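Please model the entire structure based on the sequences and the hints provided.
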Amino acid sequence: MQHACEGESYLGALTRAVRNVSRRKIRALLIIIALGFSMAIMISIPAGIMASQESYNSMISNMREETSKTTTLIEVSTSSGRGGFSGMPPGTPSGTPPFGFEREEVFINETIVEEIRTIDGVKDIVEFLETSSEETTSETMDTPRGSFTISRPLYTITGVCLNSTFIAEYSILPTNITAGRALQEGDSGVVLMSSNLTDYFEVGVDAEVEINGESFTVVGIYEPTSEGSMETRTVYMNLSDAQTTTGNTGNVSRLDVYAENDSYVEEIAEVIETYSEAYDLGLYVTTYTDRMERYQTMLENAESTLSQTQTVAFQEIVIAIAATSLIVLFTMLYTVRERTKEIGILKAIGFSNWNVMSQFMLEGIVISLMAGVVGVVIGIVGAPFISSLLLPSVNPFSTQQRGFPGQTVNFGTALSQSATATPDLLTVLLAFGVAALLGALGSLYPAWRASRTSPMEALRYE
Amino acid sequence: MSELVLKTEKLDKVYKLGGRQVRALSDVNIQVKKGDFISIMGPSGSGKTTLLNMLGCLDKPTYGKVILDNLDVTKVQEKGLFKIRKYKVGFVFQTFNLMPYLNAIENVELPMDGTKKSKDEKRKRARELLKMVGLSEREEHRPHRLSSGEQQRVAIARALVNNPTIVLADEPTGNLDSKTGHEIIRLLGKLNIDQGTTIVLVTHDSLIASRAGRMLFLNDGKLLAKEKQGTHLLKRELTCTNCGREIQPDDMFCPRCGKKL
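Listed in order, the protein sequences are those of chains A and B.
Under my numbering, the letters of the first sequence match residues 758 to 1219, in that order.
Under my numbering, the letters of the second sequence match residues 15 to 275, in that order.
It should be emphasised that the hints constitute simulated quantities derived from the structure, not laboratory data.
Computed from a predicted structure; not experimentally measured.
Treat the hints with care, since some could be wrong.
Think about it this way: if two alpha-carbon atoms lie no more than 25 Å apart in a straight line, the pair counts; the simulated DSS-like pairs of lysine-lysine are [as the list claims (entries may be wrong)]:
| id | chain 1 | residue 1 | chain 2 | residue 2 |
| --- | --- | --- | --- | --- |
| 1 | B | K193 | B | K145 |
| 2 | B | K48 | B | K236 |
| 3 | A | K1098 | B | K97 |
| 4 | B | K204 | B | K242 |
| 5 | B | K74 | B | K30 |
| 6 | B | K93 | A | K1098 |
| 7 | B | K30 | A | K1098 |
| 8 | B | K236 | B | K47 |
| 9 | B | K74 | A | K1098 |
| 10 | B | K89 | B | K236 |
| 11 | B | K47 | B | K79 |
| 12 | B | K21 | B | K89 |
Now the structure itself:
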């Protein structure tokens, strides 16, 4: 038929399309930039969603690990969060910027340990002292509602009761040691340090570090499980060393109470709570059931946030696609109108309707593909920014964790993950495909109109 | 006797303008033989361009037939007309109508787009034609770097590129100064003599029209009965009939005795 022998003509048509696009450079540039931004949105949003999803998955797995701790564990602490963040009280509206991370440290006197030990069914009590370092660090957080600078302790000093049975049975110390060794029973004057603190102290294994004015030897370095979290910057040491160096002699901040078996758990928790109320100690007691409940609620909230984010993302992508198509549509309509006479000439010298139509569609596709390149560049460079701007909740836990402060979920983890929202190859290829498709779709009607133009009318057009 | 390549039968064209009917062409019968160089002359609004558009399959008559190469093109559907325009008709316009973003050789190649010719064949053919119109040196120049006369030469080369049955020229000298205009007419005449190209030219300029072999007159959409022999430049004697002095083909007066040629 008429197209059978026209294979080679497309090369000429493509050359003409490229020349036509580059004829009006400023206009082409503006259109390509406008289209490029739409494309960038199309690329960045899925990347943001993926980062969100990853962040969500990692949180879920962290929580699952946390929750699945032995069913006989009863956590007793002095603050609502185990880590002791009480700057943001439970139930704070989710819209409030995350200002405060100041610790309001409350401790329990060690004498309570003996009281608890007398409760029926208590097997072991592991004491911890978690306090903030004196050194602080400032971090600037960019959120859709503006930029906030927060000041937080540089690291956590964790004193652990170095009992070999406890170390073996309850995994109270980090296990992924990358250099040196872990702490062991009888250690004193030594620390186990997270790898992300070695730069700050500028030390390695066997070096001396000064903590709160006292000198310690680094015996080991461990790799934190979730990078970027403030909690992961920790120095572990003997409990008594920690008490001395932080001026908390006789104090602990957390107790892990282990029951003989599950049947004792609720009873023990109840006795501790009663005790806490009677002496106004303000203790927070968390059992397996509590942890499970919180976990479920968090899971539901996280899922709902993620699904809301996905809905917003979907809407934004639809808008970006519509904007792209409309830009191509109007550009090509204008181009067709502007080049009416040219259409007349092409028809007069024997171009078929199909030839004319494909010429204009090709131009639409060329513009869109050029915009695709710009979009990919903007997308790759600006994906974290665009997704954080357009997806207010890239981090699905940013609000939930404040509502459920008993959890060890970390704001910083999700934040750092969302900041790495970079598009993958598939998204980029897909974006090019979508660009070409939108170019074709957007120019379909203008090209069809061009092809239907009467050559005689078109030749008369000035 | 030469073969008939183009014939119109009782050609009528009626336009509707603001509710009233305007008859642009009325009962036009023309016969064009292979190798003819015909000019159609008439004042503005006489229907010259309308007639040329019918002959070139750019427009359809209200009544009547246009028979091109034994094919009644008025019965061909719009979808099939592009082939006729591509292979059987070559257009030369008053305003040249070259593509500004293509250079001379690419402009000439344009009508070959979609033909079976290879890229090299197309280039060779376009070169051949540019040489024929005397623009070998201007192949790579885009229209804005060519003079009006050169642009029209490129347009003529483009019209000839697919070896059309007929070349239709709509006021081809209308945008040119008289010297360049005469050069263009001379070129068309030369093509007619050397290549046997059949040419139909419309113009309102009687001098230009007179350079064709046959002159037809159109007035108010009607072809006048009178028909004149033109002084086809290259066919006429190249000596003055009065004093016998040798003259140039485009001389209008004898340089010696001043006789109008």
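_Earlier hints that do not hold, by number_ = Those not satisfied: there are none.
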